[in-house]
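Could you build the full structure based on these sequences and the hints that come with them?
Here are the chains, one letter per residue:
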Amino acid sequence: MDKEKKITEKLFGSVDARRRVHDANLNSEDLEALTAPLRGEAKMEVINVFCVGHHSVFPISLDGRTELTNMAGAEVPASWDGKYFQVSSCPFCAKDTNFHGPVLKDFRM
Amino acid sequence: MRFERSGVTGGIVEEELFGKSRYEEMTHINEGSFKFVSVPVIINQLRKMQPSDPTDPGRDFANTVHYYVFEELGIDAKDLRFYTSVKSPLDVFQGIDAWFETGDNGSMKMVTIDCTLNPKKDEHKADIIFLVPEGGLDRKVDKEQFVHYSKKLATEVVKFLGN
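Protein chains in written order, with the working numbering: chain A, 1 to 109; chain B, 110 to 272.
The reader is advised that the hints may include incorrect statements.
[Claimed, not checked] Derived SDA-like pairs: lysine to any residue, alpha-carbon spacing no greater than 20 Å straight-line:
| # | chain 1 | residue 1 | chain 2 | residue 2 |
| --- | --- | --- | --- | --- |
| 1 | A | Lys10 | B | Ser161 |
| 2 | A | Lys3 | B | Phe202 |
| 3 | B | Lys157 | A | Ser88 |
| 4 | A | Lys10 | B | Leu182 |
| 5 | A | Lys6 | B | Thr164 |
| 6 | A | Lys3 | B | Asp169 |
| 7 | B | Lys261 | B | Lys157 |
| 8 | A | Lys10 | B | Thr164 |
| 9 | B | Lys229 | A | Thr66 |
| 10 | A | Lys6 | B | Gln254 |
| 11 | A | Lys105 | A | Ser89 |
| 12 | A | Lys6 | B | Leu226 |
| 13 | A | Lys83 | A | Thr66 |
| 14 | A | Lys10 | B | Arg168 |
| 15 | B | Lys157 | A | Glu4 |
| 16 | A | Lys95 | A | Arg39 |
| 17 | B | Lys157 | A | Lys3 |
| 18 | A | Lys6 | B | Phe239 |
| 19 | A | Lys6 | B | Tyr176 |
| 20 | A | Lys6 | B | Asn172 |
| 21 | A | Lys95 | A | Gly73 |
| 22 | A | Lys5 | B | Gly245 |
| 23 | A | Lys10 | B | Asp213 |
| 24 | B | Lys229 | B | Leu240 |
| 25 | B | Lys252 | A | Glu9 |
| 26 | A | Lys10 | B | Ile237 |
| 27 | A | Lys3 | B | Thr164 |
[Unchecked claim] Covered, in the sense of this in silico footprint (three residues per stretch, anywhere, with C-beta under 8 Å from a C-beta of chain B), are these stretches of chain A:
| # | region |
| --- | --- |
| 28 | 52 to 62 |
| 29 | 73 to 81 |
Derived from the structure by calculation, the hints contain no laboratory data.
The structure presented is a predicted model; accordingly, all values stated were derived computationally and were not measured.
Virtual Cβ for every residue (Gly too), placed ideally from N, Cα, C.
Structure below.
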């Protein structure tokens with residue numbers, strides 16, 4: 001870590017992704033987030049990701065959906081209704097700020 | 110730049126807060142650079158990943174600035190929130206290290222901060238560029254300097270939040 005970042009971290013602290021619970025099971029809060037309708041505006045929020053790494057659900061863009069579909073080696077489904085990606089880590093908790101280990105899932109199953 | 114939101118609650122308030130079109134219009138930043146995650150979503154995620162209570166920051170410096178700001182604004186400590194974004198996508202892709210927020214639905218204001226050692230830094234996305242000394246800031250090492258810089262940053266923050 002460079003000097004400037006060290007100083008900044010000392011002054012402000014840093015984001016702590018690991019404070020979140022590492023639990024691959026969806027709880028009621030997660031399910032609520034997954035089932036909430038996505039607005040899809042500007043193609044930025046078209047599908048949800050459930051990150052096991054810092055246990056959180058958040059939406060990603062259309063480009064992100066394409067990327068994770070390819071990374072997962074998944075077939076493009078006929079309908080995206082109910083679909084979401086589960087990842088082992090994501091830009092918020094992975095050191096390289098990338099998504100890792102995506103699996104396409106359906107919260108209705 | 111400063112972003113405000115108006116009268117919306119729930120999961121979409123962050124979108125309202127940053128407003129994608131306003132955001133892109135003002136910053137000319139392609140949100141695709143955020144690994145497929147919109148800025149409002151990043152903000153919302155980071156709020157859940159704080160190392161301490163945003164209304165009582167754990168770090169001495171952040172806590173001191175927080176104190177000076179709420180005192181100067183004449184508001185309760187609980188009405189001023191500090192969030193670090195160090196080691197987050199907002200830091201990596203935008204150079205924003207932290208932000209302060211006041212208000213609630215309909216009256217929220219936020220101001221972003223970028224810490225730097227470079228006095229000639231002119232490219233930045235944050236509202237405030239905070240120049241810190243090469244040796245950092247530590248109350249135990251130089252209390253006068255620590256207080257001086259705390260007040261200096263607090264004054265800048267108040268300029269944005271006080272209007």
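Outcome of the hint check:
| no. | hint | in the structure |
| --- | --- | --- |
| 1 | Lys10(A) - Ser161(B) | 14 Å, holds |
| 2 | Lys3(A) - Phe202(B) | 18 Å, holds |
| 3 | Lys157(B) - Ser88(A) | 18 Å, holds |
| 4 | Lys10(A) - Leu182(B) | 25 Å, violated |
| 5 | Lys6(A) - Thr164(B) | 23 Å, violated |
| 6 | Lys3(A) - Asp169(B) | 19 Å, holds |
| 7 | Lys261(B) - Lys157(B) | 28 Å, violated |
| 8 | Lys10(A) - Thr164(B) | 18 Å, holds |
| 9 | Lys229(B) - Thr66(A) | 41 Å, violated |
| 10 | Lys6(A) - Gln254(B) | 18 Å, holds |
| 11 | Lys105(A) - Ser89(A) | 16 Å, holds |
| 12 | Lys6(A) - Leu226(B) | 11 Å, holds |
| 13 | Lys83(A) - Thr66(A) | 13 Å, holds |
| 14 | Lys10(A) - Arg168(B) | 7 Å, holds |
| 15 | Lys157(B) - Glu4(A) | 25 Å, violated |
| 16 | Lys95(A) - Arg39(A) | 29 Å, violated |
| 17 | Lys157(B) - Lys3(A) | 27 Å, violated |
| 18 | Lys6(A) - Phe239(B) | 15 Å, holds |
| 19 | Lys6(A) - Tyr176(B) | 23 Å, violated |
| 20 | Lys6(A) - Asn172(B) | 18 Å, holds |
| 21 | Lys95(A) - Gly73(A) | 23 Å, violated |
| 22 | Lys5(A) - Gly245(B) | 11 Å, holds |
| 23 | Lys10(A) - Asp213(B) | 29 Å, violated |
| 24 | Lys229(B) - Leu240(B) | 10 Å, holds |
| 25 | Lys252(B) - Glu9(A) | 19 Å, holds |
| 26 | Lys10(A) - Ile237(B) | 18 Å, holds |
| 27 | Lys3(A) - Thr164(B) | 27 Å, violated |
| 28 | 52 to 62 | holds (count 6) |
| 29 | 73 to 81 | violated (count 0) |
Against the hints set out earlier in the document, violations occur for numbers 4, 5, 7, 9, 15, 16, 17, 19, 21, 23, 27 and 29.
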